[in-house]
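Below, each chain spelled out in residue letters.
2 protein chains.
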Amino acid sequence: MAEGLVALENRILSGNADEDCDCKNGMFNGLTRRRVLAAGFAAGGSVLAAGRAMAEAPPGAVEYPVQPDPTKEQGRTILDDGGYGSRSQFENELRWRYPTASLDSSWSMTPLAAGFGIITPSGLHFERHHGGIPAIDPQTHELILHGMVDQPMRFTMDDLKRLPSVSRLHFIECSGNGLTEWAQPTLKTVQGTHGLTSTSEWTGVRLSTVLEIAGIKDGAAWILAEGSDAAVMTRSVPIDKAMDDAILAYAQNGEALRPEQGYPLRLLLPGYEGNTHIKWLRRLKVSDKPFMTREETSKYTDLMPDGTARQFSLEMDAKSVITFPSGAMKLPRPGFYEVTGLAWSGRGAITKVEVSADGGATWQEAELNGPVLPKCHTRFRLPWVWKGEEAVLQSRAVDDTGYTQPTLAKLVEVRGLKSVYHLNAIQSWHIAPDGEVTNVHA
Amino acid sequence: MAEGLVALENRILSGNADEDCDCKNGMFNGLTRRRVLAAGFAAGGSVLAAGRAMAEAPPGAVEYPVQPDPTKEQGRTILDDGGYGSRSQFENELRWRYPTASLDSSWSMTPLAAGFGIITPSGLHFERHHGGIPAIDPQTHELILHGMVDQPMRFTMDDLKRLPSVSRLHFIECSGNGLTEWAQPTLKTVQGTHGLTSTSEWTGVRLSTVLEIAGIKDGAAWILAEGSDAAVMTRSVPIDKAMDDAILAYAQNGEALRPEQGYPLRLLLPGYEGNTHIKWLRRLKVSDKPFMTREETSKYTDLMPDGTARQFSLEMDAKSVITFPSGAMKLPRPGFYEVTGLAWSGRGAITKVEVSADGGATWQEAELNGPVLPKCHTRFRLPWVWKGEEAVLQSRAVDDTGYTQPTLAKLVEVRGLKSVYHLNAIQSWHIAPDGEVTNVHA
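Heads up: the protein sequence lines correspond to chains A and B, in order. Under the UniProt record's numbering, the letters of the first sequence match residues 1 to 442, in that order. Under the UniProt record's numbering, the letters of the second sequence match residues 1 to 442, in that order.
Here chain A stands alone, though its shape is the one from the complex (with noise of 0.2 Å):
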């Protein structure tokens, strides 16, 4: 390491590097990138804890003899995958399951501190069911249309492929995100917090073309949209959002969509909380007034501090979450840290992600990583030198409605602690003095 480095690393730990950049905590905008690297690199040290060689391949991988030098040694042949290939057997991230009562109505989250960039690989896409998930046959499947049209119409599969499509980068996050968050910090692990929440490229027919060709009858209002799975999953789509950006989707991720979402076909309602993205979709009803289903009377409501319950809290609001570091994580030792995270909203595109290193007193604007678009997540950096004090971490987002992310204080003073779904406050991240990284209320 070159020693001009090492010396600068020390200075900005000394506290003595603020002429050098706008740096408030730690937090550098104005500090060149290669003073800022410098110190980071010279710090050192790995962040988690090291992964090692499984004793069988985790899910999702086959395992094949590790090469002590590869370069003396013929690799496997492309054929040995069979033409469809699988991640390293080193890699052994998992969707972990919340520990519910029963099997038959669970959902599994997304390791968001493991991920890279938006995009959500789709076997760690979060998962949600209330009837399990059934195994469908494209071929016999159907999707049924019917209600105040002027033609009630059937369409297989292959019609619908046949139709003009759509591809669209977007998030689906359930209402029920951080619902163990709302009194007192809970689960250890943003995984826990914050994993039912993933992003896909989704592809399929806007539901705006099977309605103009069916043709919607006057005074038509709401769409009911019905799953095939054993918990005959229902909810109720305001025919605005039908004729806008509504999408029955057959594809994910470049290839079909996988069975736990929805396989062959689920309905994607950008933004909208994620129960109301059917999946195994077989029917749609137009109706004049909503459907008034289980999922929008006893369940999927907001109970306020009056004792009224609010009803069709659709769109998610705006929302972000550090992911690295994040709880459960252990900082080895003082240096450079790039603070990563994601930011949504489901009101459209991310503006501004903002972090504090000290709980909220001060913020930094972070870099976001384009590209940025409408009801996707957006990946934020910023760098950070952490000096070995103690201190919270933040991050709030903005969206381009203006609405920002409020702190958790100032959204139980509205909503009461009555609230099981959209909790969508400020998450912080307290960093001990020994690098520990925990869930707190702050």
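The reader is advised that the hints may include incorrect statements.
Said to hold, decoys possible - Here are the simulated lysine to aspartate or glutamate pairs, EDC-like style, with alpha carbons at most 16 Å apart: (1) B:K387 with B:E338; (2) A:K289 with A:D218; (3) A:K387 with A:E338; (4) A:K330 with A:D434; (5) A:K285 with A:D240; (6) A:K330 with B:E181; (7) B:K410 with B:E181; (8) B:K330 with B:E436; (9) A:K72 with B:D104; (10) B:K72 with A:D104; (11) B:K330 with A:D158; (12) A:K330 with A:E436.
Unchecked claim - Quick partial rundown of chain A residues pointing at chain B, CB under 10 Å, derived from the structure: (13) E91; (14) N92; (15) H129; (16) A251; (17) G416.
Unchecked claim - Going by beta-carbon spacing under 8 Å, a handful of chain B positions derived as facing chain A: (18) A57; (19) T71; (20) G83; (21) G132; (22) P134; (23) D137; (24) A221; (25) L224; (26) E365; (27) N369; (28) T438; (29) A442.
Simulated from the structure, these hints should not be mistaken for lab results. Every value quoted in this text rests on a predicted model; they were computed, and no experiment measured them. Don't be surprised by glycine CBs; every beta carbon is placed ideally from N, CA and C.
Dock chain B against the given chain A, drawing on the hints supplied.
Coordinates of chain B only, in the frame set by chain A:
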């Protein structure tokens, strides 16, 4: 089906609908969406051979019992997949291995006709290797940086992951893509003619970051990149490219790089020919001149008509291909189809794609599916009513440098027929009156 819609399709097929639209050879710009859709949907029928339930699950899938009525029976639980999901057992697309004599140095191609949007599923990313695919333990893998630098350095994977990162969507195309197609149409499908290109979201450290840390000496002009596979693959990279948008990539589509793509580390040179994106990267050496490795002297050069060899043709020229309909498909009957395909340029963003149904005599502008990103696949689409006559479908791309994809005749005029690499000519698909689609030169 509403009667008026059938009547409209009949008018279009009988050629009497031109008053409704700006219509050339069945391609519609001005016709209202509803009318085109109506025409298409009335035609009915499915395009491709029907899928079948597999006797055993295809690679990348797990076989689950199919439920005759999934609303009457509990589905499988989320624990069944171990926390890392797989594709449906009804999906069986595979990479296709080009029949090389040896499996030790071979390639396999992405099934472009079965793709959606712009993301290539990581399991279907094309693969080219020269000495097999090594299995490398990321805990022991290192990258060495030396040569004309102030400070030679050695980076572990943990070191690299601590540095500031960036995520970008980029295609990689092998410069040998289409090499069989110069003199005559040879391979039957678009997977064979164009399947050596794929797009992923890549994440890693900018190469400029590590070069800035090490410090580049005056006069440095080229960098050798070396892989740790059995071929010890080496290529020379201009320093300007290294300092511009080159990435040391450790992640792909939201998780670690796939083994076939260079796990744990590859060089990403956006827009450059695929062979330069060195996989299993272990060494970078800075120099004042190129290294003249085997891959830039005996291989990956273009033999010109005058007998000289063009060297370092690094940037991939603009190119496009129609993936539907494409070779070896059969259109079941006249009617509506959505023509779709991919366009890309190694020099920037695609600004326009035009489609012809008459072998290039007339052209219609296709819709580009956003986001349109530089050095990335762009999905294009155009509604088309096929009236059952002979047709030759073509697409041509224009990029933001103003470059237009050439016809094969134009390209051969300049390049002759001794070239192997860098064929970016317009592709022609012949549609016979019976609907058969074949690869032709037109």
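What hints, given by number in increasing order, does this structure fail? 6, 17, 18, 24, 25, 26, 28 and 29
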